[in-house]
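Chemist: Residues per chain are reported as follows:
Number of protein chains: 2
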Amino acid sequence: MAVWLDKASDDFEARFAAFLTTKREVSEDVNAVVKTIIDDVRTRGDAALADYSRKFDGLDFALTPMRVTTEEIDAAEAEVSPEVLDALRLAATRIEKHHARQMPKDDIYEDAIGVGLGSRWTAIDAVGLYVPGGTASYPSSVLMNAVPARVAGVPRVVMVVPALAGAINPTVLAAAKIAGVNEIYRIGGAQAVAALAYGTESIAPVAKIVGPGNAYVAAAKRQVFGTVGIDMIAGPSEVLVIADADNNPDWLAADLLAQAEHDRGAQSILITDSVELAKAVEAAVERQLKTLSRSETATASWKDFGAIIIVPDLAASVPLANRIAAEHLELAVADPDALMAGIRNAGAIFIGRHTPEVIGDYVGGSNHVLPTARSARFSSGLSVLDFVKRTSILRLGAEQLKQLAPAAIALAKSEGLDAHARSVAIRLNLES
Amino acid sequence: MAVWLDKASDDFEARFAAFLTTKREVSEDVNAVVKTIIDDVRTRGDAALADYSRKFDGLDFALTPMRVTTEEIDAAEAEVSPEVLDALRLAATRIEKHHARQMPKDDIYEDAIGVGLGSRWTAIDAVGLYVPGGTASYPSSVLMNAVPARVAGVPRVVMVVPALAGAINPTVLAAAKIAGVNEIYRIGGAQAVAALAYGTESIAPVAKIVGPGNAYVAAAKRQVFGTVGIDMIAGPSEVLVIADADNNPDWLAADLLAQAEHDRGAQSILITDSVELAKAVEAAVERQLKTLSRSETATASWKDFGAIIIVPDLAASVPLANRIAAEHLELAVADPDALMAGIRNAGAIFIGRHTPEVIGDYVGGSNHVLPTARSARFSSGLSVLDFVKRTSILRLGAEQLKQLAPAAIALAKSEGLDAHARSVAIRLNLES
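Protein sequence lines correspond, in order, to chains E and L.
Position 32 (the first sequence) corresponds to 32 in UniProt numbering; numbering is contiguous.
Position 52 (the second sequence) corresponds to 52 in UniProt numbering; numbering is contiguous.
The reader is advised that the hints may include incorrect statements.
You can't tell identical chains apart in this list, so a pair holds if it fits in one copy or across any two.
Claimed, not checked - No farther apart than 20 Å at their CA atoms in a straight line, the calculated lysine to aspartate or glutamate pairs in the DMTMM-like style are these:
id : residue 1 : residue 2
1  : Lys413    : Glu79
2  : Lys413    : Glu83
3  : Lys7      : Glu399
4  : Lys7      : Asp46
5  : Lys290    : Glu83
6  : Lys35     : Asp46
7  : Lys97     : Asp111
8  : Lys97     : Glu77
9  : Lys105    : Asp125
10 : Lys23     : Asp40
11 : Lys55     : Glu276
12 : Lys303    : Asp60
13 : Lys303    : Asp6
14 : Lys97     : Asp107
15 : Lys7      : Asp273
16 : Lys23     : Asp39
17 : Lys402    : Glu83
18 : Lys402    : Asp250
19 : Lys177    : Asp74
20 : Lys290    : Asp250
21 : Lys413    : Asp51
22 : Lys413    : Asp86
I should point out that these hints are in silico values taken from the structure, not numbers from a laboratory.
Go ahead and model the full structure; you've got the sequences and the hints to work with.
Modeler: As structure tokens, this is what we get:
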């Protein structure tokens, strides 16, 4: 069902180029509606939130208050099985340990002529985390977004989650508690993004908003960008598996389907030098599709966007992988390091036959928020760096100013900026 | 002329809050026009570029080819005074040395149970640098954008610059040569951004676009974001000077005006505990304004957006500075370190009386591309980090997979993702 491409065929380059540019999302234009909602929340605050929640979520804040209480969170946690709670705690601990290594260090130093230079890092004051409702409400994503914020030292992490008729997935609340989220509000959509960005009577504004959402949430994030920071706008997920002949086709089929089941727009790609393996994997995919609860989604994804690419040798997979720039790249080969050395563009690499991408989704410790849709060419997965900012430092004494002044004045004058030149010259009693 | 605010007055909080939210830019809605131009360049490539350049820049590519030749660049360099060339070289060297320290290091390690984890950094393959035409065509900005890209190891740096009737500021071309820019095209506006993002017959696409521009360029960057990466959308510049009584008012006035002369929307703010100093600075600003070539711009900026804030003591300036989150913060006080310890939000800090912000614009070594309009609350100035991306690494053996599998399977099942659970379970011959 997936498309087959053969590197050795004459039309490969044309077909591969077309494959790379295939759109996997319908981008709904909801900008006008979203703008109206944002303006309304800015003007009317809590009252606007109450109206939208009544309309979209069937929720009456007079009966079910907007803010989720500590008692509710504790009650939700008690509903979750001990097995899942333990798994969440293991995941949180591993995520925390790994992300702690990402904390950047200040670097303040003096150069050869005595100029003080440097970078100082500070945590963002307050971060908002959007968590979708319904089937896309993933507890693992709560951990992946909130734990790095806490590791960065963000003092206030605020979660918003739409609650159809008031109900929130209890595992999501348990994950929020484990991750140390400070405030939770049962609001969603563009109105929740507006409340986080501009604040209302009940919700203090944050400085940055992260987390996935539907077209309305994505459009709202784009619109408030500048007033607050935002993370990447996530698109549908993808995996690229590079495999040699010596693989269990069932394992690889399961990995391909683990992406495909996410979304009809997800993409699963196999590159191999073995036509036999490719055929066996394709057959295994067909077999396994029959027993998945999300078979319809996975079938659509595999049929519309799945691909099997045959290469003459594994080395030929590297330039293709760099052009695909996959969110997830599995190297199921005997010598993964040889391939890895050449890989420049990938959100995350899963090395060897015993590292299914799914481990990274949950308990590997690395972050599962990764660049999709070829954006690994220019961006990185979520990390502690997304929750800190750098202040640049410069310190001169009279002597250093004297040394650097002539060049600064020359450049300022060449740019026609008199006051710039004067600001330096005046300190040295020079004419400018 | 500037507004005066007194921390001790009853209406201070209301007036300060209003001051913080004052818009300093008229945002033109040029989205529709920009979309048409981008679509046209995607469809017709070089032919569209030729048409727009004829229309907007009065330029005929048949007579003046789109690509700037090495001979032209060398000729431009010969036109620039030795003094300015030396200043550019000093600036480039200092920028390079400082930014080399920002290069992040790979971190690949094994955790306690033998899971391999890590981060690997690679340079972006190709970066586009937009340089505005006319009076906003600053050679120093060419260095500030291109040098960090080269330090990061970006193999291909492409510059676009509009050229009215073919002419490009020779100092801009000299700066591009010094910074090691690989290709220069005389195109500008939304069409140049489209060409960089999607490529044409003559211009290979890049993966990220940086650099300032007008409303059309900014809108185009927003629209191509996702297809390529972009840097921040820069707004008008601002400076906050915190000063004690013991300052030369003329020095501070020059610093305030060095921001004000940039743009009518620029903002200059003085916070001091000395009313006498404030009055003296204001008088000095009035005097100095008379002798500036860009007096009209600086006068408008100072009148519309300038501010003098009186605080009872210098410690009271710190929370205000954090709310202002200035692009540039000067600490012209006897003990700058005491204040600096409390500053969380600032693009760059200039320490002490001998560090005018202008040194950072040109030859300090730090970057002058900094977060404007309060965005220092959530973002950082340009650095080497903007030209690299991080690939996350995960490596498990059979033993590690066995240890982590139960938690991963439990979480996958709790999220209703069967294929996820299977992808782990199948490797251990477990049911899922």
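Chemist: For every hint, state whether the structure bears it out.
Modeler: Cross-check of the supplied hints:
Taking CA atoms no more than 20 Å apart as the test, Lys413 paired with Glu79 passes between copies only; the shortest distance there is 16 Å, against 70 Å inside one copy. In the homo-oligomer, the alpha carbons of Lys413 and Glu83 lie at most 20 Å apart only across protomers (11 Å), although the nearest pairing inside one protomer, at 69 Å, exceeds that limit. In the homo-oligomer, the alpha carbons of Lys7 and Glu399 never lie at most 20 Å apart, since the shortest distance is 64 Å inside one protomer and 36 Å across protomers. For the identical chains of this complex, Lys7 and Asp46 are neighbours neither inside a copy (58 Å) nor across copies (30 Å), given an alpha-carbon limit of 20 Å.
When the C-alpha separation of Lys290 and Glu83 is checked against a cutoff of 20 Å, the pair qualifies neither within a copy, at 28 Å, nor between copies, at 75 Å. Taking identical chains as interchangeable, the C-alpha atoms of Lys35 and Asp46 lie at most 20 Å apart only when both belong to the same chain, with a minimum of 17 Å there against 36 Å between chains. In the homo-oligomer, the alpha carbons of Lys97 and Asp111 lie at most 20 Å apart only across protomers (9 Å), although the nearest pairing inside one protomer, at 34 Å, exceeds that limit. Proximity of Lys97 and Glu77 under a CA criterion of 20 Å is satisfied in neither setting, with 23 Å inside one chain copy and 52 Å between copies.
Taking CA atoms no more than 20 Å apart as the test, Lys105 paired with Asp125 passes inside one copy only; the shortest distance there is 18 Å, against 27 Å between copies. Taking the shortest Cα distances, Lys23 and Asp40 sit within 20 Å of each other only across copies (19 Å), while inside one copy they are farther apart (33 Å). For a Cα distance limit of 20 Å, the shortest separation of Lys55 from Glu276 qualifies neither inside one copy, at 55 Å, nor across copies, at 58 Å. In this assembly of identical chains, the alpha carbons of Lys303 and Asp60 never lie at most 20 Å apart, being 43 Å within a copy and 48 Å across copies at closest.
When the C-alpha separation of Lys303 and Asp6 is checked against a cutoff of 20 Å, the pair qualifies only within one copy, where the shortest distance is 18 Å, while the shortest distance between copies is 67 Å. When the C-alpha separation of Lys97 and Asp107 is checked against a cutoff of 20 Å, the pair qualifies only between copies, where the shortest distance is 13 Å, while the shortest distance within a copy is 23 Å. Within a single copy, Lys7 and Asp273 get their C-alpha atoms as close as 10 Å, which meets the 20 Å cut-off; across copies the closest is 72 Å, which misses it. Taking CA atoms no more than 20 Å apart as the test, Lys23 paired with Asp39 passes between copies only; the shortest distance there is 16 Å, against 31 Å inside one copy.
Taking identical chains as interchangeable, the C-alpha atoms of Lys402 and Glu83 lie at most 20 Å apart only when they sit on different chains, with a minimum of 16 Å there against 67 Å within one chain. In this assembly of identical chains, the alpha carbons of Lys402 and Asp250 lie at most 20 Å apart only when taken from different copies (18 Å versus 71 Å within one copy). Taking the closest pair of Cα atoms, Lys177 and Asp74 come within 20 Å of each other only inside a single copy of the chain (8 Å); across copies the shortest separation is 63 Å, beyond that limit. For the identical chains of this complex, Lys290 and Asp250 are intra-copy neighbours only, at 14 Å inside a copy versus 79 Å across copies, given an alpha-carbon limit of 20 Å.
For a Cα distance limit of 20 Å, the shortest separation of Lys413 from Asp51 qualifies neither inside one copy, at 57 Å, nor across copies, at 35 Å. Proximity of Lys413 and Asp86 under a CA criterion of 20 Å is satisfied inter-copy only: 14 Å between copies versus 65 Å inside one chain copy.
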